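Which chain is which? The protein sequence lines are A and B, in order. Counting from 1, position 168 in the first sequence corresponds to residue 168 in the working numbering; the numbering is continuous, with no gaps. Take the position in the second sequence, starting the count at 1, then add 1000; the result is the number in the working numbering.
Watch out, some of these pointers could steer you wrong.
[What the hints assert, rightly or not] Covered stretches of chain A, going by a simulated chain B footprint (3 or more residues, C-beta under 8 Å):
#1 19-33
#2 60-74
[To be verified] With a straight-line Cα cutoff of 16 Å, these simulated EDC-like cross-link-like pairs (lysine to aspartate or glutamate) come out:
#3 B:LYS1031 / B:ASP1107
#4 B:LYS1434 / A:ASP114
#5 B:LYS1203 / B:ASP1258
#6 A:LYS166 / A:ASP114
#7 A:LYS127 / B:GLU1462
#8 B:LYS1403 / B:GLU1389
#9 A:LYS179 / B:GLU1462
#10 B:LYS1403 / B:ASP1441
#11 B:LYS1224 / B:GLU1186
None of these hints come from the bench; they were simulated from the model. These numbers were taken from a predicted model, which means no experiment stands behind them. Even for Gly, the Cβ is constructed at its ideal location relative to N, Cα and C.
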Amino acid sequence: METNLLWQGAQAVVALGVLGSLLGALLGAAARRLSVPEDNRAEAVAELLPGSNCAQCGFAGCKQAATAMVEGRAAPTSCPPGGVTTAQRIAQTLGLTLDLADAQAAMPQVAWVDEARCIGCTRCIRKCTADAIVGAAKQMHTVLPEACHACELCATECPTQAIAMKPVLPTLDTWHWPKPAPALTPAAR
Amino acid sequence: MSLFLVRGGVKLSYRKELTSESAIVRMPPPKRVLIPLQQHVGSPAEPVVQVGDRVGKGQLIGKPGRGISAAVHASTSGTVVAIEERTAPHPSGLTQLTVVIESDGEDRWAELPRPVTGVFPLPTTPKDISERVAAAGVVGLGGAAFPSAVKLDMRQRHELDTLVINGAECEPYVTCDDRLMREAAEEIIDGVRIMAYALAVEKIIVAIERNKPRAMAAMREAAKVDSDIRVQGVPTRFPMGSAQHLLLAVTGRETPADQRTAVVGAIVHNVATARAVSRAIRHGEPLVSRVVTVSGLGIREPANVEVPLGTPLEDLLAFCGGLHPVPSLLIGGGPMMGTTMPSLQAPVVKGTSGVLALTAAEINDGPEAPCIRCGSCVTACPCGLVPVEMAQLVKRGKLDEAKGIGLQDCIGCGSCSFICPSHIPLAHYFGFAKGKLSALDRDARRQDRIRALIQARTARVEREAEIKKAAAAARKAAKANAAAAAKTAVPSP
Chain A
1 METNLLWQGA
11 QAVVALGVLG
21 SLLGALLGAA
31 ARRLSVPEDN
41 RAEAVAELLP
51 GSNCAQCGFA
61 GCKQAATAMV
71 EGRAAPTSCP
81 PGGVTTAQRI
91 AQTLGLTLDL
101 ADAQAAMPQV
111 AWVDEARCIG
121 CTRCIRKCTA
131 DAIVGAAKQM
141 HTVLPEACHA
151 CELCATECPT
161 QAIAMKPVLP
171 TLDTWHWPKP
181 APALTPAAR
Chain B
1001 MSLFLVRGGV
1011 KLSYRKELTS
1021 ESAIVRMPPP
1031 KRVLIPLQQH
1041 VGSPAEPVVQ
1051 VGDRVGKGQL
1061 IGKPGRGISA
1071 AVHASTSGTV
1081 VAIEERTAPH
1091 PSGLTQLTVV
1101 IESDGEDRWA
1111 ELPRPVTGVF
1121 PLPTTPKDIS
1131 ERVAAAGVVG
1141 LGGAAFPSAV
1151 KLDMRQRHEL
1161 DTLVINGAEC
1171 EPYVTCDDRL
1181 MREAAEEIID
1191 GVRIMAYALA
1201 VEKIIVAIER
1211 NKPRAMAAMR
1221 EAAKVDSDIR
1231 VQGVPTRFPM
1241 GSAQHLLLAV
1251 TGRETPADQR
1261 TAVVGAIVHN
1271 VATARAVSRA
1281 IRHGEPLVSR
1291 VVTVSGLGIR
1301 EPANVEVPLG
1311 TPLEDLLAFC
1321 GGLHPVPSLL
1331 IGGGPMMGTT
1341 MPSLQAPVVK
1351 GTSGVLALTA
1361 AEINDGPEAP
1371 CIRCGSCVTA
1381 CPCGLVPVEM
1391 AQLVKRGKLD
1401 EAKGIGLQDC
1411 IGCGSCSFIC
1421 PSHIPLAHYF
1431 GFAKGKLSAL
1441 DRDARRQDRI
1451 RALIQARTAR
1461 VEREAEIKKA
1471 AAAARKAAKA
1481 NAAAAAKTAV
1491 PSP
């Protein structure tokens, strides 16, 4: 009587165990087979953006802008500090085409400190996302142009409005011939 | 030895007779010389004089900058009156840092390094030669202005066996090398032997286009002193003077894309550079003047002039009788590869081989018409490219695709633009595309650098916040501990 009970118990355990592992394997296979690939393009795009969360694009930060670009709510060219390079890389990631020859966008800019107005409060230094401003308390601050990407956070922070954005002008090293003007059509001539 | 065929190229009307029979005249120093601190490929020189300093002719005024650079010297004696931004001899019309020297009219030499005398092999080391050439500020005088000392040091990185001396002078109008070879053949050959000694090569070929028989005869005569030197005539065809094409013509060696001729064992130097090297070694004279062809129908008295570097174009043109009739184009260099000059105040620099004032009659210009698919540009391209297709891609903004079919191999010789019956500015498209691509490349590097900075800062700020939090927690714990300890301590009455 007692052995019978034991035997029946063992049977149940084995049956349930087999059933469980079979169903488990089935579920596992189904999960793998029917899985929907995760859309991680937003992360890839966020990786391409500068990451300074300057909000010039109109979104709260770079991650939100990346999501909007993936969803088509924002153009790949909507990041002014990122410039042509970033727009081009995003377009490539999202499979869009950009005309490089005409990709003038906004002229690249850098921040510039008006030394006559700077009071040395260091607020811009704390705000600068790229460590592009140097200076100390009660000392003149200045911008390292090669590290500045014109996120403009310093300009809005400055209590004396001593920071302005200046365009990066071409030099002998960076100048290149402009694109030839298109030929006039016979009709226009 | 037979010549190897160079593909492509164009036959030009040379118009060299305007100046080819006029001997080199020496121009006296002008009232003011404007000496830019960057007249060469590489980084600009750094000024070592101050406003108010008195300088002698040949005195160092700019020491070489970082990396590839070249020294700059005063081209006459006088006083430094300014170190400021002045219009550069560049089509953009942008300015560059320039040392302005007011001449005292004495043209007095500064103290020069002691010359190396003696016969070959020279009583000095190859390293000493290249150091002296660097100190003399010698750069390639064919037009590219690449620092010559860097080229003389190439043997440290490449196995070299040949030195080719470029006397092709394939640009129309320009005859400065032709005259120099006729008038200073001994000095050129001496410079050639010095360079061959510095490079430790034994095969020396002086290549001269066949339209300069007198120059060739003079060089053959002078070259008799050294049996290693062979003077070789090459076909008159543009762009024979391109280093890679000249090397292919005289040795059959083809330089790989994106590489220098040194990788195939040869160094190419211009004849005027050879002469400058000779002056630097034998007389200790730095590069303070160069021969410039002033020509074109817009010049009253076309001539070959030995000009102090930094002479403003207006002074040089006045020396040649002035402009008459009024030209429609003022070009620095040759008509094929030279560029328009932005102003008459721009100075003559180390790379200025010619100053041409061209009248409307001399310019083959017309409104751009549609491409008729004649294929002339494909035949003319000396680099084996397909200009018509590349220009179409550039026009439509597909710069990467243009790069994929060889845009970067274009040497910008302008043969395609010259030959095009529809006046399509092909070379201009390629110049634009190459410039745009390098601008994009620069921007990409800049963006990457800045993003790395931002990431580093974000990480640092997070780390700092964590440390602060941990410190606050520790303080709190310590306080709690202290309170607990105070509670358990026996309250004394």
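Status of each hint after checking the structure:
1. Here's how the stretch 19-33 of chain A fares: 0 of its residues keep a CB closer than 8 Å to some CB of chain B, so the rule of at least three is not met and the hint is violated.
2. Given a C-beta distance limit of less than 8 Å, the hint that chain B covers the stretch 60-74 of chain A is violated, as 0 residues qualify and 3 are needed.
3. Only pairs whose Cα atoms come within 16 Å are accepted, and B:LYS1031 paired with B:ASP1107 is accepted, the gap being roughly 11 Å.
4. Note on B:LYS1434 and A:ASP114: the hinted pairing is violated, with a Cα-Cα distance of about 36 Å set against a maximum of 16 Å.
5. Straight-line distance between C-alpha atoms of B:LYS1203 and B:ASP1258 comes to about 25 Å, which puts the hinted pair past the 16 Å bound.
6. A hinted pair counts as satisfied when its Cα atoms are at most 16 Å apart, and A:LYS166 with A:ASP114 qualifies at roughly 11 Å.
7. Between A:LYS127 and B:GLU1462, the direct Cα distance comes to roughly 14 Å. Compliance with the 16 Å bound is thereby established for this hinted pair.
8. For a cut-off of 16 Å, the pair hint linking B:LYS1403 to B:GLU1389 stands: about 11 Å separates their Cα positions.
9. Only pairs whose Cα atoms come within 16 Å are accepted, and A:LYS179 paired with B:GLU1462 is rejected, the gap being roughly 46 Å.
10. The straight-line distance between the Cα atoms of B:LYS1403 and B:ASP1441 is roughly 13 Å, inside the 16 Å bound, and the hint therefore holds.
11. For the hint pairing B:LYS1224 with B:GLU1186, the CA-to-CA distance comes to about 10 Å; that is within 16 Å, so the pair holds.
Hints 1, 2, 4, 5 and 9 from the list above are not met by this structure, while the remaining hints are.
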